[in-house]
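Chemist: Chain by chain, the residues:
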Amino acid sequence: MLGAAAVTVAFFALPLLGLLERADWSRLWADLTSPEALEALRLSLVCSSSAAALCVVFGTPLSWVLARTAVPARPLIRGLVLLPMVLPPVVGGVALLAAFSLRSPLGGWLHDTFGVQLTFSTPGAVMAETFVALPFYVLTVEGALRSMDQRYEDVAAVLGASRFTVFRRVTLPLIAPSVVAGTLLAWARALGEFGATITFAGNIAGRTRTLPLAVYLALESDQQAAIALSLLLLVIALTVLVSLRDRWLRPA
Amino acid sequence: MTGAAARVWEEQRIVAIRRRLVPVVVLAVLTLFGAACGENDADTAGSSSTGAGARAEGPLSGELTVAAATSLTNAFTRIGEEFQAAYPGVELTFTFDASSALTNQLLEGAPADVFASAAEADLAELTEAGLVAGVPSVFARNELVIVTKPGNPEGVSRLDDLVDVGIVSLCGAEVPCGRYAQQSLDAAGVAIPESRVTRGPNAGATLNAVSQGDAVAGVVYVTDAAAAGDAVDTAAIPADRNVVASYPIAVLASSGAPELAAAFVAFVSSPVGRAVLEELGFLPPA
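Protein chains in written order, with the numbering used here: chain L, 1 to 252; chain C, 1001 to 1286.
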């Protein structure tokens, strides 16, 4: 068992070591602090943080509904929400384009009525990232809601607390670690988003060119810059995932 | 437990097991289906290679992988069909991507027999690395054109107009079509702020940003614009500002089937290949 586990760990560790081995350490700092890299990093942080915030705002009520109510067609709703986890992100981008481009009814209406254009805009990049990151949040929080001891909620309700008070004062504190874990997972996934973003929001410097897009572009011009940016993404993501510790990934 | 209760319990258990089995069965069926499809392919390939023996051009058979610039997708797909009709024993596979991306892949050891690039510089890089067998030959040329939304609502007619319209779609600065577009813009003295330029990873994606997405205009190959048909309108770039792209093709040194590869290269420049290229809007080599 230990041997097999070691092979698995090596399978994940070797590509990272390969990246480290290829990196040119003497110019790493210069690559990471170039104006293009800093711009992509800033945009990435803005977009993935916004996406994570949207996941909390929209994902929390949905998780609660999925975990606590007998809403009809629940398996279908859950399937729909989890779909972006297994869907190729490019397909997600094409679907977003079909729904929100200026030529789609909804996108056209948004543009004509509010002057809003989502494609090729930073909000569009945030939308694409939210689309792929939301399942990670919902899965984590719904799992926590299901596995928590619901008798606390019952007691609070019996003592006269309203549904919302129960949620705010009892449920939320109990599942807080999972909310944090879900948010961080969603944030990390949003940070790495590529396919849906380039398809839906394009690849515009300072507007939609996040770190993964910058890596892809740099691969063709300057491999060392691409590797430097890849390492940066890797360090950020690994830090987030390690900081999640077992405690937070276990059901509340 | 009474007998009836036990029976009910047993039935429920069976139902539960059946339910659990459903995904497994579905997966198994899909796997078998996939395997069957693969076998069918093998069958057709097998039967056609036996058929090839009876044909005059028979001796050439085997697998051939051709890496080609995205802008060659339509042309090479059709030339490939003609090639396979002439050499039924050949199993032809294409990899289409930006020439610059393909160059990187080939440098990393991607297996291919033939490389057709949209830029001579990319093939030169491979030649320098010792990956090319023989001398590349130019088989076609291409030019750039401005594409806009159907009906051209923003009234884009010249490169200068691209400065103050919405989002402009260009190829990545390192992709051949991006390099050519830059040369063309430089020749016209036009500088589009980078904050309004979306960079496609290859010629196809760059066109798609206009035809499918919401980019107002783009600079792409004449041939790609023609292939897009009604999805875009075009505005010509005058010759003194246009860039002529030369497409070289070569057999790769690592090819496991150099004869077959040479046959494909010859076929591209044959009257059949020329006719397809010309029909799709490519210019003949200078």
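It is worth saying that the hints were derived from the structure and are not from the lab.
Mixed in with the good hints there might be a few duds.
Label-pair ranges, simulated between beta-carbon atoms [stated by the list, open to error]:
hint, chain 1, residue 1, chain 2, residue 2, range
1, L, F12, C, S1254, 27 to 37 Å
2, C, A1231, L, G3, 53 to 63 Å
3, L, T8, C, T1031, 50 to 60 Å
4, L, A98, C, V1138, 33 to 43 Å
5, C, A1231, L, P123, 20 to 30 Å
Here are a few chain L residues that face chain C, going by a calculated C-beta distance under 8 Å [claimed, not checked]:
hint, residue
6, W64
7, L97
8, S101
9, L110
10, D112
11, F114
12, Q117
13, T119
14, G202
15, N203
16, I204
17, G206
18, V215
Owing to the predicted nature of the structure, the values given are computational and were not obtained by experimental measurement.
Even for Gly, the Cβ is constructed at its ideal location relative to N, Cα and C.
Chemist: Run the structure past the numbered hints and jot down the numbers of the failing ones, going up.
Modeler: Violated hints: 3, 6, 9, 10, 11 and 18; rest satisfied.
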